[in-house]
Structures are given as C-alpha cells and as structure tokens.
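Student: With chain A held as given, fit chains B, C and D onto it using these hints.
There are 4 protein chains.
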Amino acid sequence: MSISFKNDYSEGCHPRILETLSHTNTVQQDGYGTDEYCQRAADLILQKANAPQSKVHFVSGGTQANMLVIAASLRPHESVIAANTGHIYTNETGAIEATGHKINAIEGINGKLTPTQVQQVLDGHSNKPHVLKQKMVYISHSTEMGTIYTKNELTELSNFCKANNLYLFMDGARLGQGIMAEDSDLSLEDIALLTDVFWIGGTKNGALLGEAIVIAHSAIQEDFAFHIKQRGAMLSKGRILGLQFLELFKDDLFFDLAKYANEQAMKIKQTFIEKDISFWAETTTNQIFPILHINQISQLSQNFSFHHWRKIDEEHSAIRLITSWATNKSSIDTLIDKIVRLK
Amino acid sequence: MSISFKNDYSEGCHPRILETLSHTNTVQQDGYGTDEYCQRAADLILQKANAPQSKVHFVSGGTQANMLVIAASLRPHESVIAANTGHIYTNETGAIEATGHKINAIEGINGKLTPTQVQQVLDGHSNKPHVLKQKMVYISHSTEMGTIYTKNELTELSNFCKANNLYLFMDGARLGQGIMAEDSDLSLEDIALLTDVFWIGGTKNGALLGEAIVIAHSAIQEDFAFHIKQRGAMLSKGRILGLQFLELFKDDLFFDLAKYANEQAMKIKQTFIEKDISFWAETTTNQIFPILHINQISQLSQNFSFHHWRKIDEEHSAIRLITSWATNKSSIDTLIDKIVRLK
Amino acid sequence: MSISFKNDYSEGCHPRILETLSHTNTVQQDGYGTDEYCQRAADLILQKANAPQSKVHFVSGGTQANMLVIAASLRPHESVIAANTGHIYTNETGAIEATGHKINAIEGINGKLTPTQVQQVLDGHSNKPHVLKQKMVYISHSTEMGTIYTKNELTELSNFCKANNLYLFMDGARLGQGIMAEDSDLSLEDIALLTDVFWIGGTKNGALLGEAIVIAHSAIQEDFAFHIKQRGAMLSKGRILGLQFLELFKDDLFFDLAKYANEQAMKIKQTFIEKDISFWAETTTNQIFPILHINQISQLSQNFSFHHWRKIDEEHSAIRLITSWATNKSSIDTLIDKIVRLK
Amino acid sequence: MSISFKNDYSEGCHPRILETLSHTNTVQQDGYGTDEYCQRAADLILQKANAPQSKVHFVSGGTQANMLVIAASLRPHESVIAANTGHIYTNETGAIEATGHKINAIEGINGKLTPTQVQQVLDGHSNKPHVLKQKMVYISHSTEMGTIYTKNELTELSNFCKANNLYLFMDGARLGQGIMAEDSDLSLEDIALLTDVFWIGGTKNGALLGEAIVIAHSAIQEDFAFHIKQRGAMLSKGRILGLQFLELFKDDLFFDLAKYANEQAMKIKQTFIEKDISFWAETTTNQIFPILHINQISQLSQNFSFHHWRKIDEEHSAIRLITSWATNKSSIDTLIDKIVRLK
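Chains as they are written, first to last, in the numbering used here: chain A, 1 to 343; chain B, 1 to 343; chain C, 1 to 343; chain D, 1 to 343.
Note that these hints are calculated values from the structure, not bench results.
Any given hint could turn out to be false.
Identical copies go unnamed one by one, so any copy, or any two together, can satisfy a pair.
Stated by the list, open to error - SDA-like, lysine to any residue: derived pairs with alpha carbons at most 20 Å apart: (1) Lys135 <-> Arg75; (2) Lys133 <-> Ala219; (3) Lys6 <-> His87; (4) Lys329 <-> Gln29; (5) Lys133 <-> Phe224; (6) Lys250 <-> Asp43; (7) Lys329 <-> Ile268; (8) Lys6 <-> Asp30; (9) Lys133 <-> Tyr32; (10) Lys135 <-> Ala219; (11) Lys128 <-> Phe224; (12) Lys311 <-> Gln117; (13) Lys128 <-> Glu222; (14) Lys135 <-> Glu222; (15) Lys6 <-> Ile291; (16) Lys133 <-> Asn84; (17) Lys135 <-> Phe224; (18) Lys311 <-> Gln119; (19) Lys135 <-> Asp223; (20) Lys329 <-> Thr26; (21) Lys133 <-> Arg75; (22) Lys267 <-> Glu282; (23) Lys338 <-> Ser301.
Here chain A stands alone, though its shape is the one from the complex (with noise of 0.2 Å):
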C-alpha cells in the first residue's frame, strides 16, 4: 500500500491527545468555550507568546478561522490585502467573499508580501470610493510554499501596516513548523508582537482538529464571540479544543511536533540535492517541491502519494512532499532510498 505524503493532517492526533481527551472524558465542564481547559489554555499561550493584553479564541479549522477573522475586522467597504498564492484567495471556496469582502490578491514573492507590494494595491486603489478600502494585509508562516518570514520582514511589515492604518493577520496553519524551521529567527513573541491578529495551527501540528486565534488588536478583540457563534464556529463541547491547546503548550510539545516534522522534510529534502534535483520553491519547514522528470514522478507514485503541484514543462513538474509529527521514520527511510534509486 501506498505511504502518503500528500498532507500533514493524514492520520489522526499525537498520542498525549488521546490520552488527555480518555483522563478528563467525565469531568462536567460548561459549554462553548467556558470550561477550564479552554480558559487554562488560553492562558498558557499568552504567557508563551508574552501576550498578557491579547485574548485567545479556540476555532476548529483554517478556513472558520480566516473567515471569522476577516469578517469581525472589517466593514462592508473594506478589503483584505493577500499575495494570489494565500490560502483564503486559492483554496477556501469563496469563503472570504461570501462574508461580503473581497481579497485584493498580488503576486506575492516566494508566497510573502512586502511593503512595496502593499503599497502597489494601495495605489491601485486611489480612486475612492468607487473602490474598497483596504483594511487588513494577509499573511501565512510557514507560506504555502513552505518559505518563511525572517524577523525583519515581518518587523516591515508590521510597520509598514501600522503607518498605513492596516491590520496585520497571520494564518498560521502551519505557524509551528514556520517558527522551527532551522533558518527562522522569529519567535511566538515575535509573532504577537507584531501582528494585530494571528492563529496556531493545531490540526497541521498534531491536534485532531483546533486553531487557536490570538488577537492584540482591541477592536478585533471586542464582541469576538458573537462572530464565532455566527459563523457555526462556536463547539458545544469546546473543552475538546482547550484540552489539545493545554497538552500540545503545557510543556514544549507543540514545537518538539513541528521540528520533528520540519527535519523529516529536510532529510527527503538533502537525497533530493544529492541527485542535483532543484525544487519550485526554497524551503526549510515541513513542504518541499522537488522538480522531477515525469519518468521520476511515476517511480515515486508506484509507492508513495502526493500532490502534483505545477507544471514546469513538458516533461517536468513539481510535486509536493509533505511530513508532520506523525511520519514514520521508515517511511521517511523508505522514500528516500528510492529517491536515492530514482532514474
């Protein structure tokens, strides 16, 4: 049977998960997010991310969390910013317009944004008000090209935005393989310290599902909760999402799970650069693209799945190769001495 390395959310959750779930499974807890589990969590996370002044909110999925965000920040008028390789604008089925807000897409560089490509949509858009107004920029760490921010590109950013009256979010779907990523230089408090609102990715990370929304901005923060409730965000046993959030933070266990998964890929990522295979896009965490020749592609397909991602030519095309905290080192043995035999 074929080992997959389509995605990093293929098998269920870590192991510490299903354990707390089974210890706690009969204690009576309030609903919708106002058991102690979600409020101990919370509090774990601002303390990591030296945060005391933000709220955190525990959501089920990337998308809920992107689409609540941007709709509770916005007014009708007002857009959100994102590079065309986003999340929100390639793979979330509308979801942001059919909250009423459109995305102003730009081709980003290496899947990041930059004040000079910012500033490009702002003057795009001069002509008020028969265009939007742009409120809020959209970034993801780790990209979904698996590059990631360095310290000073996101302290531009953040300042850049803050000079032009727009909110920073970032969608941190993969936020844990980002900040372990060998090349990073940015911290959760980095993070929460320069954004106006970002998420914790749980379900990419090892949780069985749950994102964890992390919100500095004041007027991002007030009335949170009738925006989770709206959008069908709100669990009536949100204690499931608090709990995974208090084992994967209590001790280092959420960042031990992404460098685990980001060295995996830079093993498969090493055999690929041993054989002169290049790659679509220049990568440390948890994604790589190696560029192969369709001959080398339905090799690897014999025995492992994965997504074909691009297109390079006629006779080439980038595939993605995805690891996480559950890939098995045999696996990780396995394709690489295939790899290794590819012609």
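Tutor: Chains B, C and D alone, transformed into the frame defined by chain A:
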C-alpha cells in the same frame, strides 16, 4: 461540588468513541471527508434510514448544520419558516440572517408547527414581490421544549409542504432522544422519508462533536460539499466525524444512549409528579421543565446546577433539567433524593 | 376611470421640479453626487435642520436608504429593533436580512416604539453571545399607520437609546407629512437633534425620486459614500437628486406640499366622522384608515381605487386612503360627495 | 470655464425625455414598475431585440444592474469570470463581493474575453470543492476600454459558455455606442440571441437615469422582481424609467444619440491621428485614449477637463476623452482646434 443537569454536552464522549479514535489513529486517510470512515458511516446511516438515494455530510455542530442547509437551499429572496421557539430563531446569534435569509417566525404549539400555522405565514406574505417568498419549513425533533412530533403530525406537515413547494427541514440536535421517547411512533426511516433534509445530532448523544446531515432532495444535494467548505465547516481530518458516526451506528449504540438519557429524565419527572409539581412543557425526552417555588429552586441549587428557564410568577419559575448518555445513575439518585425532600 | 387614492406616488413630480431639471439640463457637472446642486442642497437642509455637523447623502428610494443606513451602521453581530409594523420588517423583501442583519421586531403601539418596548427586546436577549447584540432602533415618522411621534415621545426614546448605546434611526418616507400634521410639535430641528440618523422622503412628497439621508453620528458618517456605491445606490447623474431637494428646500415647498396632502386627508376624514364611521388608526397625516362595511367598500370601488388594508370582521374592513401634494381638489370633492352618499 | 470631456453623464437628459416627463406628469399610474409605460417600453425593446421570450426590468444604474443580475443568477458557491478591466472588478467598490460572490478576474485582450481565457480560469479551478464553481461570464460592450466585440467573437464566446454551462452576461452601460460603432457588425438582436442576460444603458445615452435589463434565460427570469426590491432597486415611481426608455426606443433616438456620440469621438481621434499621436486602446466608440506628452496634457488642461488614465512613461500618459449625445459641436471644434495647435 455541584452536579450539572445544565445540558447534554457537559462531558466528553462515550468510551467507545475514544477507543475507535485510538485504534485508527495511525491509519493514513485522505482529508476533508473523503476518508473511508466517512464513506462507511454514510452508507450505514442511509441503510438504517432506508434512504439509499439520500446523501450524508458530516459537520461539527448544530448551528453550522442549520446555516449550511438553509443557505444552500434558499435563493436570496427566499425565507424559512420556524416556530418562535426554534433554535435558529432564538439561540444562534443571527447565523441564518448572516447568510442573508430572514426567518419568518410564528408561535408554535408546544414548540411544534402545524400546517395551519405555516399557512398563516404564507397568508401574511401575499404582497409579492414586496415580501419574501417562503421556501422552507424548519422544525426540531425533539423540539427545544423537549416535545416530539407524532408520525401523523409529521406526515401532515410533510404533505402540506410538498403541496406548497416548501422544503421540510428537521433539526435533529436531539433526534435520537426524539425517536427513542417512550411514546414516539416516529422512526429514523419515517423521518428520512417525510423530510427533504434533516440532521442527526451526535454532539448531544455521545460524540465529541459531529452532526450528520442527511439530504433527500436532489436540489439540496447538488454541490453541497462546496457550501461546507465555503462556510468553514469542512474539517481537514474529517475522519474524526466519520469514525464517531460509524461507532454510533454500527450497532444500536446511538439509539441506546438516547433511550438511556430519556429514561433518566423520566425517573426525575416521575419524582416531581409524585410531589404534585407541574411542568412548563409536557415532555418524554431528556429535558424536563418543572415549575418550582423559588425556595425549592434555591434548595436544589445547593447541590445541582441547571438552567432557570422561565419566570412563571413572582414566586415560581420553571427550571430545565437535562440528562444525557453520561448522566450517572448515582447522580440521578442524589437528585431524586433531594427532590423528594424539597420543602 | 377610477381616481386613485392608493398611494402618494401615483403621479410624477411637482412642476417646479420639472422646471429646474429643464433649466439646468445642459450645465455640465461632475458625477456621483459631487455636483454643486447636491452640495448646495445638503447645505440648505443642514441649515434648516440646524445641524451643521451632520452630513447629507442623497439616494433614490426608501428601501435603499434603510438598507444603506442599517448595513453601514451595524457590525455583523448587531441587530436593529423595529415595530412589527415597520416598513423594514413588513415590506422590503428581506432587504435588511440580505445585508446580514436580523430585525428584532416587537409589537408597537399605534405603529410607534416606546422605551418600555425596546427594553423588552433587550431583556429577551441576555444570553450573550448566543443572541445578537442590539445596536439600533428603527422608527418611522409619520409611521406606516399614519401616526406621529410627539416631541416628548421622541425625546424619551432618544434618551433611552443614548443610555443604552443604541443608535436611533428614523425612516422619513413621510417625514414632511409627520412634521406638518396639525397636532405635531416635532420640528425638523428636533428630529435632527434627537436621532443619530434619519432621512427625508422626497419621493412621496413632490420629487420624481430621492431621499436625503441626514447623519448626525460620526461613526455612521465615516466612509458612508463607499456604502452608497457598494449597494448600487450612487447615481452617475447624482445632480438630479440634488436639484430636486434644492428646489424643495429653497423655500418652504417641501413643507407646503406635505401640509396640503395632510389637509386633503383631513377633509376626507372629517366626512367619515360625520357619518359616524370609525378608523383602524387615529391619524392626522396623509393616510386614513376608515372601517367600512363591505357594501360601502364596494360602492367606493366603483369610482376610486385604494388599498384594502385589514379585515376587521366578516362584514367590515379597514381601507387605506392616501393623499398627496398631487391630489386634485376636484378628486377630493368627488370622493367626499361619494362618502356622504354611502349607504 | 473648462469644457468637460470627463464622462458621458455630465449633463441632464435629452430634451425629448424632459418633454415626455412633463406631458405625462399628472397621469396616475401604479407604482413599482407595474405602470403602463414600463410595460410598453419593455414590449418595444423586446420587439426591437426580436426576443419575445425575454423579460425586461428597469433599474436606476449600472452597478445596481450588475449586482442584481449576478446575485440573482448565482448560488452562494458560484463565481463570475471577468476581464480584470471589467467594471465590476475595478470600479464598483466590491458590490459583487458584497453579495457574497467572488469575481475570477483574468487579463483580457483589449478589454475583451475569449474562450481561451475563460478556459484558463476554468483550468485553474479544478480542485473542487476547495475552489468556487464558475457559473457566469461577464463582459462589457462597448468595453471599459472603448473597444467592441465582433459578431464572430461574441458567437464564439456564446457557444463556449453554452458548452460549459456558463451564463453569458453583457454589461451594456455603453451598449448603444458599441452597436453603433462604425465598424460594428453586432446588432441588438444578435446580442439578445447570444447572451443569457444583458442590459441597455440609458444613463450614458440620453436618459436622466435608467438601465433596461433584458433576460433571456428562464432561470434568471424567475422571481427577478423580488431581487430588485430586495436590493433597494425598485423605484416607487418606476414610471420614470419606463417613460424614458419608451421615448428612447419609440423611434431610433437611442441609436441616433449613440451614433452621434461616436462620431464626435472619431472626429477628435482623427485629429490626433493627423498629428501622429498614438492611442492606448484602439477604439471606434465614444471613448478615446490618446497618449500625450505631459506638456501636451498640461496645454489641454487649460481649457478642458478629462481623466488622466494611465502613466505610460516618465514623460507620457494616456488620457481619456469621452463624448456623448450632449457634446456640443462647438465644444468639439474648440477641442480640435486646440489639439491641432498642441506643441
């Protein structure tokens, strides 16, 4: 410490759910509900409902299920009719209106709608196109008042809806409890036959989270997965929803848990009856609403937590006591003992 | 042929409007409401309303004005309170809900709201965040029942709204008629002072089309033009709205027309009174609702068209007769003559 | 004072429109577009378009027409494809997104779309249901760049749309100018036959305000009046829209005005050509975009107002000059004289 009879989602999940999550934890599956567990659970549900042409989709919660079904079914100028006790009208923070649709609410009878009442709404909307076009009737079973539809009542309503080109939609947050009520003559098959779309509540009947939307009408079936994704309701690890319903429906667990919950409530109810205490609503499911003197409420509050439901007069209020699959028999005994000694 | 008393928009516009459109026809102006006529009309209105800090925007119709104001004022989780006779609740095809907002309707008194009723709505929404947050109160003056607010009533409601952090919004489709009612003590200045936003109806008082939205509250003023454009309400030739209001307000034409309309209705009303015919609502504006025997209605229908308003009993119904600036005195005489001779 | 060539809505309306408004002013009519003028105008348009099965609705403006048609046609998960120069994408303040729908924009060719480009959008959206379902193609004729579709081009696009289950929708803000272009081979009948829905722009071709939406597809026809009301687009005095289109179409006035506008633009264009000045877009309608040196722009600005369209290089920009039915021949002479003398 206080024993909670506040709701039926105070605990985690039935132990068999945790077991199945554990046993399957490392099995790789595709994401977004395309896993084999979801497929098998869907097949099982349709088999038990004797509805091979229907389609099943799993989502996280009840408000989500409601807004998804309604928004997917209606065109912009169409509205949904509900009892003014309906969950969508009273307790969902305008989730339906946030998708652009008005709820035409009317006073129900014991939380239920009859053809007469639906006709009244239609009669009040003759001034077209200056009023909305009614296209769906929303009902709950068991209702928010703990009452249930008889087979005859549901058949009449179903016939009326068909004759008037209205979809009939049943919110089944407590569907199991409704079906298993001691005086119920309405089966899962009946419901699948008589409605255009309904959902089976897992969250309040043993699951960690999850509701199964069962769609009979082809117009609502069409492209439903797009809506799930767009509203942020498509879990990456959709497997955890499929797995739970697979466990609940592979034998009679789902029905057994509901029956158990109802029985506990009926024991409490009987105790109140023996004390000549009357009820705000006549129920045979897992919710009871005794009308107590404020001193009695105060006495109960010393050991138990519950919702204060309605003020009846200056000295009396109805409270809501709710039981579940998780309600401990010793908790029931403690409560009954206390009720018996109420002064 | 039948003479119509069905509504106050059966004819075109006051001749002076046509004249000013002709006189200015070839003058070049900028588009989208940035022309000098709109500017001068806005200044004039603010001067007459003694509200120099307010802002004026002109739009085409009443439903448009209502949805614009409400959608621009509310965040997604906020709702508007209205009487269940309110135009937004009964006759706008869900226009408000289509912008995502629920209307919390409550039974009014003679079509009007009092602080007591608004408080009832607030009291019914304590279970936050599972219910919407009320943020605006919508009233009409004159009301859909032809009644009017006294200065005292409006002051009390205004004070209540301020104390409860609610915007007070007045629909002025028939504002002129309300202000000019013989028993009115409420002036344009009072209304501008006591509301956060209101609009002045031109369509039903002499204009071809057009309503002037007057915004006092700075939060609603902000970026309002964006909303106008986004909702399709910004006319390229905005000049035609400005020109009409300029003509209506450059002297007392607006008020004179309303007064005339009211007077014609009062003449008819007096005739009914003299025949001991009673009314469904007690009005002093341009709408009257006599309760007639079905035979009488039949007799009137031979020569006049009007709305059948409410069935009162098997043999009686209220009808609505409505007058306007355009109601011919000979039509009034003919109608009165007929009423006198009703059997 | 400056003569404006900024747009085609700087003046009021054609004198015959004012006359017909005057002549009919006191005739009583029913409201909301149910008057006889609207009916007769609709019949006339369908007769001229040779489209007896189509339906006509009159609304106030172009953004309104666009959002109405798109929101009435699409289900929540469906999107509309447009050129990135399309008015709905660039100049409507997110009106389409505010109704919940994403615009899939792609770079057009001279402001136009071809089947190849539409296919590219479809190809980029294969990952269903994680992406939107494309259901409509939006085009403009004449385009925002002043260009026109040939009969052959429109036929190919129409066939492609039919084959791919896409509605074809034409924005006709300047439909008359497109049809009457000297090199046009596309008639009103052709457009009615080849599109599913289009609208005829009155505002930019002689009317005070008003666009006529002509719907061929039965699915879009259904219940359209509800949408008009819900979006605030139903005028009480709908008669003023019907009356204007009646006047414009009772003979060839509509086409004559467009032809006149085009001719004036072509005179100006010829003058630029004779000076060896090139154009940003090759047009034969009432918009021309000469590329001028900034000194030349400065010279023109002394006597004329117009839009600065695109910066071409440090020393050159394209400007937009636009003519209309109202453009005075003496203004044209003055402008031509100035162009001839440009240095």
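Student: It remains to establish, for every hint, whether it holds in the given structure.
Tutor: These are the hints, each one checked on the structure:
Within a single copy, Lys135 and Arg75 get their C-alpha atoms as close as 9 Å, and across copies as close as 15 Å, so both meet the 20 Å cut-off. Both within a single protomer and between protomers do Lys133 and Ala219 lie at most 20 Å apart by alpha-carbon distance, with minima of 17 Å and 16 Å respectively. With identical chains, the CA atoms of Lys6 and His87 are at most 20 Å apart within one copy only, with a shortest distance of 17 Å there and 40 Å across copies. Proximity of Lys329 to Gln29 under the C-alpha cut-off of 20 Å is restricted to the inter-copy arrangement: shortest distance 18 Å between copies versus 39 Å within a copy.
Only between protomers do Lys133 and Phe224 lie at most 20 Å apart by alpha-carbon distance; the minimum there is 12 Å, versus 22 Å within a single protomer. With identical chains, the CA atoms of Lys250 and Asp43 are at most 20 Å apart within one copy only, with a shortest distance of 11 Å there and 40 Å across copies. Proximity of Lys329 and Ile268 under a CA criterion of 20 Å is satisfied intra-copy only: 11 Å inside one chain copy versus 55 Å between copies. Within a single copy, Lys6 and Asp30 get their C-alpha atoms only as close as 38 Å, which misses the 20 Å cut-off; across copies the closest is 8 Å, which meets it.
Taking the shortest Cα distances, Lys133 and Tyr32 sit within 20 Å of each other only across copies (18 Å), while inside one copy they are farther apart (34 Å). With identical chains, the CA atoms of Lys135 and Ala219 are at most 20 Å apart both within one copy (13 Å) and between copies (16 Å). Within a single copy, Lys128 and Phe224 get their C-alpha atoms only as close as 29 Å, which misses the 20 Å cut-off; across copies the closest is 11 Å, which meets it. Taking the shortest Cα distances, Lys311 and Gln117 sit within 20 Å of each other only across copies (18 Å), while inside one copy they are farther apart (26 Å).
In the homo-oligomer, the alpha carbons of Lys128 and Glu222 lie at most 20 Å apart only across protomers (13 Å), although the nearest pairing inside one protomer, at 28 Å, exceeds that limit. Taking identical chains as interchangeable, the C-alpha atoms of Lys135 and Glu222 lie at most 20 Å apart whether they share a chain (17 Å) or sit on different chains (14 Å). In this assembly of identical chains, the alpha carbons of Lys6 and Ile291 lie at most 20 Å apart only when taken from the same copy (16 Å versus 52 Å across copies). In this homomeric assembly, Lys133 and Asn84 come within 20 Å of each other (Cα to Cα) both inside a single copy, at 19 Å, and across copies, at 18 Å.
In this assembly of identical chains, Lys135 and Phe224 lie within 20 Å of each other by CA distance both inside one copy and across copies; the values are 18 Å within and 16 Å between. In the homo-oligomer, the alpha carbons of Lys311 and Gln119 lie at most 20 Å apart only across protomers (17 Å), although the nearest pairing inside one protomer, at 31 Å, exceeds that limit. Taking the closest pair of Cα atoms, Lys135 and Asp223 come within 20 Å of each other both inside a single copy (19 Å) and across two copies (13 Å). When the C-alpha separation of Lys329 and Thr26 is checked against a cutoff of 20 Å, the pair qualifies only between copies, where the shortest distance is 13 Å, while the shortest distance within a copy is 35 Å.
Within a single copy, Lys133 and Arg75 get their C-alpha atoms as close as 10 Å, and across copies as close as 16 Å, so both meet the 20 Å cut-off. In the homo-oligomer, the alpha carbons of Lys267 and Glu282 lie at most 20 Å apart inside one protomer (14 Å), although the nearest pairing across protomers, at 56 Å, exceeds that limit. In this assembly of identical chains, the alpha carbons of Lys338 and Ser301 lie at most 20 Å apart only when taken from the same copy (10 Å versus 67 Å across copies).
The structure fails none of the hints (numbered hints given earlier).
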